[in-house]
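Novice: Spelled out, the chains give:
Protein chains: 2
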Amino acid sequence: MAKYIDFWFDFASTYSYLAALRIEPLATTRNVKVNWRPFLLGPVFTAMGWNDSPFNIYPSKGRYMWRDMERLCQHYRLPLKKPSKFPRNGLRPARIICANHDAVWIPDFVRAVFTAGFAADQDIGEREVVAGLLGTLGLDAEALIADAEGPEGKHLLRRQTEEAFKLDIFGAPTFIVNGEIFWGNDRLQQALAWADGIRD
Amino acid sequence: MAKYIDFWFDFASTYSYLAALRIEPLATTRNVKVNWRPFLLGPVFTAMGWNDSPFNIYPSKGRYMWRDMERLCQHYRLPLKKPSKFPRNGLRPARIICANHDAVWIPDFVRAVFTAGFAADQDIGEREVVAGLLGTLGLDAEALIADAEGPEGKHLLRRQTEEAFKLDIFGAPTFIVNGEIFWGNDRLQQALAWADGIRD
Numbered sequence: 001m002a003k004y005i006d007f008w009f010d011f012a013s014t015y016s017y018l019a020a021l022r023i024e025p026l027a028t029t030r031n032v033k034v035n036w037r038p039f040l041l042g043p044v045f046t047a048m049g050w051n052d053s054p055f056n057i058y059p060s061k062g063r064y065m066w067r068d069m070e071r072l073c074q075h076y077r078l079p080l081k082k083p084s085k086f087p088r089n090g091l092r093p094a095r096i097i098c099a100n101h102d103a104v105w106i107p108d109f110v111r112a113v114f115t116a117g118f119a120a121d122q123d124i125g126e127r128e129v130v131a132g133l134l135g136t137l138g139l140d141a142e143a144l145i146a147d148a149e150g151p152e153g154k155h156l157l158r159r160q161t162e163e164a165f166k167l168d169i170f171g172a173p174t175f176i177v178n179g180e181i182f183w184g185n186d187r188l189q190q191a192l193a194w195a196d197g198i199r200d
Numbered sequence: 001m002a003k004y005i006d007f008w009f010d011f012a013s014t015y016s017y018l019a020a021l022r023i024e025p026l027a028t029t030r031n032v033k034v035n036w037r038p039f040l041l042g043p044v045f046t047a048m049g050w051n052d053s054p055f056n057i058y059p060s061k062g063r064y065m066w067r068d069m070e071r072l073c074q075h076y077r078l079p080l081k082k083p084s085k086f087p088r089n090g091l092r093p094a095r096i097i098c099a100n101h102d103a104v105w106i107p108d109f110v111r112a113v114f115t116a117g118f119a120a121d122q123d124i125g126e127r128e129v130v131a132g133l134l135g136t137l138g139l140d141a142e143a144l145i146a147d148a149e150g151p152e153g154k155h156l157l158r159r160q161t162e163e164a165f166k167l168d169i170f171g172a173p174t175f176i177v178n179g180e181i182f183w184g185n186d187r188l189q190q191a192l193a194w195a196d197g198i199r200d
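The listed protein sequences derive, respectively, from chains R and U.
Numbering of the first sequence is given in the working numbering, commencing with residue 1 and proceeding in unit increments.
Numbering of the second sequence is given in the working numbering, commencing with residue 1 and proceeding in unit increments.
Simulated from the structure, these hints should not be mistaken for lab results.
Errors might be hidden in some of the hints.
Since the list gives no way to pick out one identical chain from another, each pair is judged satisfied if it fits inside one copy or across any two copies.
Straight line, CA to CA, 30 Å or less: simulated DSS-like cross-link-like pairs of lysine-lysine [said to hold, decoys possible]: (1) Lys61 to Lys85; (2) Lys85 to Lys33; (3) Lys82 to Lys61; (4) Lys61 to Lys166; (5) Lys33 to Lys61; (6) Lys85 to Lys154; (7) Lys3 to Lys61; (8) Lys3 to Lys85.
Starting from the given sequences, assemble the full structure and let the hints guide the process.
Specialist: In structure tokens form, the structure reads like this:
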């Protein structure tokens, strides 16, 4: 039986950065395939009555989150530079992934976007930034960006975000394994164990 | 140097139940003393604009939390019976602890209250339930309850909840080690390692 995990993330999400950078070697160890599923937290938060990141709406939660990220990044040996603006807009790279979800370069592109956002304080919402990241991977940035911003690219991300609602997703990262929901970077290893048939 | 951890919890909090039942053997291994600090989440949530548990206000978060609790309790080999009413009112047992914070029976009483609430679906807000738990520990329930409900007992819990605000606590359980905040049962082991001088 094929083993796989659906990895739902938003490029603006701090804890999604941790999960995105960690997931591939951990999944490989368990022989689990990762399905990279970007979506937009914005509409999900709007439905919960929030017009901004909860880390901005609730200042004590926000202060804690940044300190927690510092400690976790040190633990995982991941770079972290607090973005000068938070949250960033992850719409553009998310559309590119939806329009190319089977491409072999998707994992590298996901990591490049998260790293630009959370280790280099780049604005991942900017066309030139995204074009630069695609170019570094040797890809035809102009063609990919134009394609992702056509009606089909827009439609695919909108549909994926609607699917997140249907799946009862309320935050990111979220891992789904055979209908079982795991929320947060803290649940990555439990979710992968579940995908590997371990129920403990 | 004495090693200790401040363990802030609310008897109504599901993830506090997990931490309360797990903390003592883990702390003993690291030679860390546990300071049991009950407080009331209610005023904290009110200040955040919530008039109920966020697990009730946001149904998708609530559905997830109960499933997550099921999986975690299975993992930790802890019993779980979803309370017929959630959240319960933890005021009465919290006052008893504040009025007797140095007593040797505090850890047993904390575990007894949490177990009554989350493994036996008892109403821990009820005087008779709390009296029964104290009696099982061989204590003078009537005297302890009367004492905790006097002006001094009420004052102590109010002051402790005010202290939680000052410490920037926004949820439970919260662990504080030398001013460093760790939120959630998921951070228990990291917080204890910190108390043990390990910064990784």
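Novice: When no copy is specified for Lys3 and Lys61, does a C-alpha distance of 30 Å or less occur within a copy, between copies, both, or neither?
Specialist: between (35 Å within a copy, 26 Å between copies)
Novice: Evaluate Lys61 and Lys166 at a C-alpha cut-off of 30 Å and name the case that applies: within, between, both or neither.
Specialist: Classified as both; 27 Å inside a copy, 14 Å across copies.
Novice: Given identical chains, is Lys85 near Lys154, meaning Cα to Cα at most 30 Å, within a copy, between copies, both, or neither?
Specialist: within (25 Å within a copy, 44 Å between copies)
Novice: How would you label the pair Lys33, Lys61 (within, between, both, or neither) given a Cα cut-off of 30 Å?
Specialist: between (33 Å within a copy, 27 Å between copies)
Novice: Please work out whether the CA atoms of Lys82 and Lys61 approach to 30 Å or closer within one copy, between two copies, in both situations, or in neither?
Specialist: both (15 Å within a copy, 27 Å between copies)
Novice: Up to 30 Å between alpha-carbons, please classify Lys85 paired with Lys33: within, between, both or neither.
Specialist: neither (33 Å within a copy, 40 Å between copies)
Novice: Please sort Lys3 with Lys85 into within, between, both or neither, judging by C-alpha distance up to 30 Å.
Specialist: neither (38 Å within a copy, 38 Å between copies)
Novice: Within a copy, between copies, both or neither: which one fits Lys61 and Lys85 at a CA-CA cutoff of 30 Å?
Specialist: The answer is both: 17 Å in one copy and 27 Å across copies each meet 30 Å.
The structure fails to meet hints 2 and 8 from the earlier list, while all remaining hints are met.
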